[in-house]
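Visitor: Here is how the chains run, residue by residue.
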Amino acid sequence: MKMTLKRSVGGFSALSLAFLVACGGNEENNNTTNVADPEDTNDNAAEETNNNAAGNEDNTEAEAEELLEDSTLVLAMGTDMVSWDIHDHGNTSTEAVHVNVFDYLFKRDSETMEVEPHLVADYENIEDDVWEFTLHDDIYFHNGDQMTAEDVKFTFDRVIEDDTLSEHSRFVQLGEIEVVDDLTVRMNTDGPQPSLLNRLAGTGASILPKEYIEENGMDHFLSEPIGSGPYEFDEWARDDRVVLTKFDDYFLGDDFTEWEEVVFRAIPETSTRVGELLTGNAHVVTDIPPNEWSRIDDNDGTRHINADSNREMLIITRQTEGVATSDPRVVEAIDLAIDNEAITEQVMQGSGTPTRTRVTPGNVGANEDLYDTFVYDQDRARELLAEAGYEDGLEITMQSPQGRYLMDSDIAEVIVGMLSEVGITVDLQFLEWSQFIEHYQNNTNEELMLLGLASSLFDAAQNLDHYTTTSPLNEGRMDYSNEEVDELFEAALVNMDPDEREQQYQRIQEILAEERPHIYLHSINMNYGVSDLVDYEPRQDELYYANEITRR
Amino acid sequence: MKRFLIQRFLQLIPVLIIMTFIVFSLVYVAGDPVALMLPEEATAEDVARVQESLGLNEPFHVQYGIFLMNAVQGDFGQSYRYNQDAMSIVLERLPATFELAAASMIFATLIAIPMGIWSATRRNTFIDLFITGSSVLGKAMPNFWLGIMFILILAVNTQLFPVSGRGTFMHVVLPAITLGTAVAAEMTRLTRSNMIEILQQDFVRTAKAKGVSNGIVTYKHSFRNALIPVVTIMALQTSTLVGGAIVTEQVFAWPGIGQLLVQAVNARDMAIVQAAVFLIAILVIVINLFADILYRLLDPRIKY
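Going line by line, the protein sequences match chains L and W.
In this text, residue positions in the first sequence follow my numbering: the first is 1, and each later residue adds one.
In this text, residue positions in the second sequence follow my numbering: the first is 1, and each later residue adds one.
You may find that some hints are simply not true.
Which residues of chain L face chain W? A few of them, derived with a C-beta cut under 8 Å, are [said to hold, decoys possible]:
#1 235
#2 238
#3 414
#4 469
Quick look at which bits of chain W chain L covers, simulated, 3 or more residues with Cβ under 8 Å [what the hints assert, rightly or not]:
#5 31 to 38
#6 65 to 77
#7 80 to 89
#8 229 to 238
#9 254 to 264
#10 285 to 291
Keep in mind the hints are simulated off the structure, nothing from the lab.
Just so you know, even glycine gets a beta-carbon here, dropped at the ideal spot from N, CA and C.
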């Protein structure tokens with residue numbers, strides 16, 4: 001008895017110690033390489049994985065193939081969805097799951113982002129502010145009920161009438177909705193709405209089942225949602241996984257998607273997410289920072305993809321009278337002092353495109369001349385500062401979030417360095433996101449503020465809403481004012497002539513590129529890790545339509 | 001004993017009220033959750049509208065009063081983020097949290113108690129140094145790093161265990177070892193020092209003089225006496241495991257209360273924070289109560 005106990009105790013200790021020692025050694029290595037040379041760490045990690053990957057290649061492939069044989073697609077995201085309430089989440093990773101369960105009247109093309117009819121068989125713009133939409137006659141919700149015009153009216157009335165929903169402000173201008181017949185619905189918009197179809201293809205515009213919700217209540221719907229999309233809800237274990245199964249009566253047919261089951265996993269830690277890809281337990285993983293790219297690329301059977309998004313990094317300038325940045329020469333000097341390409345190539349390692357506009361290709365009204373270009377001339381920047389009376393230097397403050405956007409604090413530090421080269425001393429303030437966003441919303445921003453902005457509408461109307469004199473997004477925050485911008489924006493907002501409207505938006509962008517209420521830095525690319533067993537072209541709107549991911 | 005239990009339950013009330021007040025004040029001071037709920041392009045008007053609908057425009061004492069009234073009736077309010085009853089969201093997480101805490105505690109106990117005894121009975125030998133050394137190392141290694149290393153070596157490279165998530169028995173092994181390592185280290189050291197102290201006492205020498213075998217002296221006479229402080233530390237550590245597995249849960253994508261709490265704090269989701277802290281506080285108190293009862297079973301001289 002005594003011997004047995006002794007032995008087992010000895011076994012335990014030997015095992016645990018061997019493990020502790022093995023791990024202890026690694027820590028030291030990792031730390032030193034990190035401090036000495038950040039680039040080295042990548043190489044080391046890559047090498048290590050590569051060596052190990054060779055031995056486990058069969059395993060990885062086997063795991064992933066097994067999943068494929070079961071027709072299960074697994075995506076791993078950094079954050080979980082937050083709710084099944086289509087009108088009250090305000091969050092892309094939630095919408096990314098919703099698009100598989102719910103369906104929209106219109107849908108954006110996966111490559112061009114152009115809006116195309118989806119649930120709608122036919123539509124007509126009867127008058128500037130009257131639209132009529134006719135649904136396909138074979139659309140069914142997951143409980144077997146047919147989708148009718150009543151469902152469409154119910155859905156939009158909900159978000160128009162309830163001002164506590166976070167999507168309310170985006171839909172309130174849809175105006176009055178009438179049911180014409182079983183399949184036809186008429187929208188009497190609040191004035192002409194040239195971007196209506198974009199709105200109907202965007203966040204929160206999917207169609208809810210009226211009868212199901214009225215019979216069972218909203219709370220029941222939120223725990224057991226049904227839609228008319230290609231996938232039915234099966235399970236949601238919060239912060240763990242969402243499981244969807246194929247809907248057999250989907251209106252676009254049984255072969256619309258090849259996956260019987262789709263699993264969205266929430267894995268907050270990046271290296272863990274990548275681990276799931278490398279072991280073949282996930283086919284697509286999202287939000288991969290540069291330090292993980294080589295680990296994915298060097299592994300057999302996985303690759304890293306870099307794709308455009310509709311997010312942009314920019315600096316908000318305060319042009320309130322009396323502030324140094326109200327002088328156009330100062331803001332121009334700041335823009336000229338920043339080498340956008342150095343940021344995208346060195347800091348972001350190619351994961352961004354320099355830009356001088358907020359409306360990038362893929363958005364209605366984009367000015368492509370101002371995309372993939374930047375201005376950089378430090379000598380001219382010094383001259384401009386001297387002209388403005390700051391030949392002895394200028395001191396300003398910049399606020400920056402930390403950890404909110406890809407490499408945000410690195411970008412802020414690099415910019416401070418670049419500005420110091422032309423004689424601008426920046427007091428850089430890093431703020432935790434909840435504090436940062438309060439400064440932003442309370443308009444307590446300083447001369448400069450680094451921010452990332454996204455747009456879900458894919459129409460310049462949303463992107464350029466920041467620059468009119470009376471816009472709540474401008475007044476008190478930038479205090480930028482230009483009469484021509486105001487006039488063009490107001491005109492474009494109700495202009496039903498698409499060509500003329502586009503020109504108006506393009507002209508606004510030219511003015512903004514010169515006057516710089518926002519100093520644009522770059523559009524952010526999104527990075528994904530993808531298994532070689534599937535084909536995947538990421539969408540600019542960052543939504544994950546499971547049917548667009550296919551077996552190789 | 002009965003009186004003791006009643007007394008302990010009565011003590012709960014002020015503790016919980018004070019705790020809700022502190023948590024409420026901290027979240028209140030941290031700022032406005034509405035700023036975080038709305039998209040970047042939201043206007044001041046949007047913010048004001050949502051604030052009003054959530055009752056956040058009321059002064060502090062009114063907000064707290066309303067919260068307390070509802071909490072007494074078991075209603076911790078709706079989560080801003082999930083639009084659902086906060087307590088039910090927190091309770092959803094309880095099984096995952098318990099599973100991880102229990103597995104870590106079992107792992108830690110299985111390692112720590114034999115190690116502690118072994119090291120105490122072989123005092124100042126190589127084995128003793130080796131065990132004490134490893135426990136210092138075990139305590140010093142951050143969970144975050146340890147978890148990532150486990151994933152890299154045992155899940156990605158050798159594929160012995162799943163990388164992350166919850167499900168089978170294999171899923172809990174790596175997070176439990178990650179979380180249990182520091183606990184095991186602390187318990188080993190404590191068991192060792194208590195054993196050493198007890199082994200030097202008169203009754204041990206008397207037992208040995210009577211001719212009782214070493215094994216019986218160690219495991220029957222000394223160990224039981226050394227257990228009381230160990231039970232205390234087990235209770236304390238279990239409390240920490242229930243509420244504080246945040247980092248481990250994050251690394252292994254383990255859907256427990258810790259992860260929920262961190263996200264709720266980040267989003268200033270008051271209802272979830274309150275419900276989670278409230279539940280954790282109750283668990284801590286109950287676990288400590290169990291420890292008190294255990295003391296008595298271990299040492300009949302203790303009376304309440």
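Visitor: Each hint: holds or not?
Guide: Do the hints match the structure? See the list:
Checking residue 235 of chain L against chain W by beta carbon gives a least distance of about 12 Å; that is not within 8 Å, so the hint is violated. Residue-level restraint check for residue 238 of chain L holds (minimum Cβ-Cβ distance to chain W is 6 Å; threshold 8 Å). The beta carbon of residue 414 of chain L comes no nearer than 23 Å to any beta carbon in chain W, farther than 8 Å, and the hint placing it at the interface is violated. The interface hint given for residue 469 of chain L is violated, since its Cβ lies 15 Å from the closest Cβ of chain W, which is over the 8 Å cut-off.
Coverage of a stretch by a chain is defined here by at least three residues with a beta carbon nearer than 8 Å to that chain's beta carbons; for the region 31 to 38 of chain W and chain L the count is 6, and the condition holds. Interface restraint, the region 65 to 77 of chain W with chain L: violated (0 residues with C-beta to C-beta distance below 8 Å; minimum three). Under the rule that three or more residues need a Cβ within less than 8 Å of chain L, the assignment of the region 80 to 89 of chain W holds, with 5 such residues. As drawn, the region 229 to 238 of chain W meets chain L at 0 residues by the rule of a beta-carbon pair under 8 Å; below three, the given contact is violated.
With 4 residues having a Cβ less than 8 Å from any Cβ of chain L, the region 254 to 264 of chain W passes the three-residue criterion, so the hint holds. Residues of the region 285 to 291 of chain W with a Cβ under 8 Å from some Cβ of chain L number 0, which does not satisfy the need for three, so the listed coverage is violated.
Hint compliance for this structure: hints 1, 3, 4, 6, 8, 10 are broken, all remaining hints hold.
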